[in-house]
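Visitor: Reassemble the complex: the two chains are provided individually, in unrelated frames, and hints are given to aid placement.
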Amino acid sequence: DAGVIQSPRHEVTEMGQEVTLRCKPISGHNSLFWYRQTMMRGLELLIYFNNNVPIDDSGMPEDRFSAKMPNASFSTLKIQPSEPRDSAVYFCASSLRVDQPQHFGDGTRLSIL
Amino acid sequence: QQQVKQSPQSLIVQKGGIPIINCAYENTAFDYFPWYQQFPGKGPALLIAIRPDVSEKKEGRFTISFNKSAKQFSLHIMDSQPGDSATYFCAALRDYKLSFGAGTTVTVRA
Numbered sequence: 001d002a003g004v005i006q007s008p009r010h011e012v013t014e015m016g017q018e019v020t021l022r023c024k025p026i027s028g029h030n031s032l033f034w035y036r037q038t039m040m041r042g043l044e045l046l047i048y049f050n051n052n053v054p055i056d057d058s059g060m061p062e063d064r065f066s067a068k069m070p071n072a073s074f075s076t077l078k079i080q081p082s083e084p085r086d087s088a089v090y091f092c093a094s095s096l097r098v099d100q101p102q103h104f105g106d107g108t109r110l111s112i113l
Numbered sequence: 001q002q003q004v005k006q007s008p009q010s011l012i013v014q015k016g017g018i019p020i021i022n023c024a025y026e027n028t029a030f031d032y033f034p035w036y037q038q039f040p041g042k043g044p045a046l047l048i049a050i051r052p053d054v055s056e057k058k059e060g061r062f063t064i065s066f067n068k069s070a071k072q073f074s075l076h077i078m079d080s081q082p083g084d085s086a087t088y089f090c091a092a093l094r095d096y097k098l099s100f101g102a103g104t105t106v107t108v109r110a
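Same order as they appear, the protein sequences are chains A and B.
This note's numbering numbers the first residue of the first sequence as 1 and each following residue consecutively.
This note's numbering numbers the first residue of the second sequence as 1 and each following residue consecutively.
You may find that some hints are simply not true.
From chain A, some residues computed to sit far from chain B (all C-beta separations above 12 angstroms) [stated by the list, open to error]:
(1) His10
(2) Gly28
(3) Arg41
(4) Ala67
(5) Thr76
(6) Arg97
(7) Arg109
Here are the simulated DSS-like cross-link-like pairs (lysine-lysine), alpha carbons at most 27 angstroms apart as the crow flies [unchecked claim]:
(8) B:Lys42 <-> A:Lys24
(9) B:Lys42 <-> A:Lys68
(10) A:Lys78 <-> B:Lys97
(11) B:Lys97 <-> B:Lys58
(12) B:Lys97 <-> A:Lys24
(13) B:Lys57 <-> B:Lys15
(14) A:Lys78 <-> B:Lys42
I should point out that these hints are in silico values taken from the structure, not numbers from a laboratory.
Each residue gets a CB set at the ideal place from its N, CA and C atoms; glycine is no exception.
Here chain B stands alone, though its shape is the one from the complex (with noise of 0.2 angstroms):
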């Protein structure tokens, strides 16, 4: 079964808006959470990690919000550019195993 639950499946927003993926674990073990990116023909890429001892992290557009009690965690673009429509995946990692989400395709409309 999944073991990290992804939503939305898809979402469009227009530029500047804020898309905002949803992901959700039941697995208390897990001790790090990447989100990956990746465009058609490439490879996921990492684009920001959290650990569950911290509540927020932010890198450029990027922002992960993490809450440990509630097994919950999501990933929010800020001020959202078409450079930015691509499938994201969030992830959960417990000794080697990465669990993955089954990925949001975010469209960025101009």
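Excised from the complex, chain A in its bound form (with noise of 0.2 angstroms):
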């Protein structure tokens, strides 16, 4: 089975730009979590999505963040415009239902200049 894939895995963009990051979870997974990983923060929880709807965007650090999941095998997070202190891992996560295991796609390493 195909895991949660994520696009892409590497980003490089200048400061002030759009980046949007896409995720597909794995099928049938009905709960979606965007994570950021950063050395400073660890692993932190950015917005939780159920059945498509979002549920729990409180860590969202700002107003430039934002989510959307169209469809349950689709999932984008955008920033704009972007700044240097967004670089860090971005990943996506699923599960089957809200209390089983996530399962992580291998990121996007984002990097603004």
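Guide: Given below as structure tokens:
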């Protein structure tokens, strides 16, 4: 079975540009999570969707960040405008149900110059 | 503040040794405790998990010990191999929210 698929794997862009990260969860999973990983703060939950509906976006750092899940097989995380401090690895994870193990993609390494 | 405290930050063992990673938590509402293994350039991969009504769980060479009264749990890697060299994260789940430890980098020398 295919795992969680994220694209792109690496993104380098200049400050002020819009960045869109993409995620395809495991088929049949109804819970989707976006995380950010940095050396300073570790793994942080940004937003959680259940059945395509955003349930908790309290981890989204600023209004520059937005996330959507238009259907059960696709989600995006957008940063506009991007800043150097947004540089991190962004992970998408999905689970069969909210109380089941979360399975992570291989992440997008984002560098904002 | 960090809800799950993990130690040590790093450790080095010889092949065949038993690395032990410890985690502690305060929130008794946590009801599921997974361990994740992460290799460079990869996402965290679920390794083994335990619920608080069980004191020990083994899967292959990986064992979780859980002490509910002390609010502590640990991961032991038996007969460690160089391929086990990775960063290990403990975590605790409440509802949908996973709280991660800071991670332990394990190096197994041949």
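Visitor: For every hint, state whether the structure bears it out.
Guide: Status of each hint after checking the structure:
{"no.": "1", "hint": "His10", "result": "violated, 10 angstroms"}
{"no.": "2", "hint": "Gly28", "result": "holds, 17 angstroms"}
{"no.": "3", "hint": "Arg41", "result": "violated, 10 angstroms"}
{"no.": "4", "hint": "Ala67", "result": "holds, 15 angstroms"}
{"no.": "5", "hint": "Thr76", "result": "holds, 18 angstroms"}
{"no.": "6", "hint": "Arg97", "result": "violated, 10 angstroms"}
{"no.": "7", "hint": "Arg109", "result": "violated, 8 angstroms"}
{"no.": "8", "hint": "B:Lys42 <-> A:Lys24", "result": "holds, 16 angstroms"}
{"no.": "9", "hint": "B:Lys42 <-> A:Lys68", "result": "holds, 24 angstroms"}
{"no.": "10", "hint": "A:Lys78 <-> B:Lys97", "result": "holds, 22 angstroms"}
{"no.": "11", "hint": "B:Lys97 <-> B:Lys58", "result": "holds, 25 angstroms"}
{"no.": "12", "hint": "B:Lys97 <-> A:Lys24", "result": "holds, 20 angstroms"}
{"no.": "13", "hint": "B:Lys57 <-> B:Lys15", "result": "holds, 23 angstroms"}
{"no.": "14", "hint": "A:Lys78 <-> B:Lys42", "result": "holds, 21 angstroms"}
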